[in-house]
Amino acid sequence: MQTRLTRSYDKELKESKSNVKELDKWIGWAEETGLEELIRFSKGLNRARKGLLSYCKHKITSAKIESFNATIKRIIRMACGYRDIDYLYHRFSW
11 MQTRLTRSYD KELKESKSNV KELDKWIGWA EETGLEELIR FSKGLNRARK GLLSYCKHKI
71 TSAKIESFNA TIKRIIRMAC GYRDIDYLYH RFSW
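For this note's numbering, add 10 to where a residue sits in the sequence shown, where the first one is 1.
Hints were generated in silico from the structure; no laboratory data involved. Any given hint might turn out to be false.
BS3-like, lysine-lysine: derived pairs with alpha carbons at most 30 Å apart [as the list claims (entries may be wrong)]:
{"id": "1", "residue 1": "Lys74", "residue 2": "Lys60"}
{"id": "2", "residue 1": "Lys74", "residue 2": "Lys53"}
{"id": "3", "residue 1": "Lys67", "residue 2": "Lys31"}
FRET-style restraints, in silico, Cβ to Cβ [to be verified]:
{"id": "4", "residue 1": "Gly44", "residue 2": "Lys67", "range": "28 to 34 Å"}
{"id": "5", "residue 1": "Tyr99", "residue 2": "Val30", "range": "43 to 49 Å"}
{"id": "6", "residue 1": "Asp96", "residue 2": "Leu63", "range": "43 to 49 Å"}
{"id": "7", "residue 1": "Thr43", "residue 2": "Cys90", "range": "49 to 55 Å"}
C-beta atoms are modelled at their ideal positions from N, C-alpha and C, and glycine is treated no differently.
With the hints as constraints, model all of the structure from the sequences given.
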């Protein structure tokens with residue numbers, strides 16, 4: 011008797027293999043076309059393979075982290091001229 015966790019893992023594994031297969035199929039198709047732009051794009055997909063497949067599996071992006079980093083950079087840029095470093099740290103504590 012399969013447990014719920016085992017069934018979930020098996021389904022996840024099948025989906026993971028399916029994503030790899032689909033990505034490989036698309037990259038192969040793009041390279042077979044002979045179109046320089048598609049070949050270049052497929053090479054980019056191949057370089058980003060790990061991140062793409064990770065997104066397919068977990069559905070998580072780094073957008074929130076990147077947004078937070080941009081906010082920190084903007085505050086530091088606006089802080090030019092602050093004499094009190096404690097005030098700058100205060101700006102980071104939301």
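Kindly indicate which numbered hints from before are broken by the structure, ordering the numbers from low to high.
none
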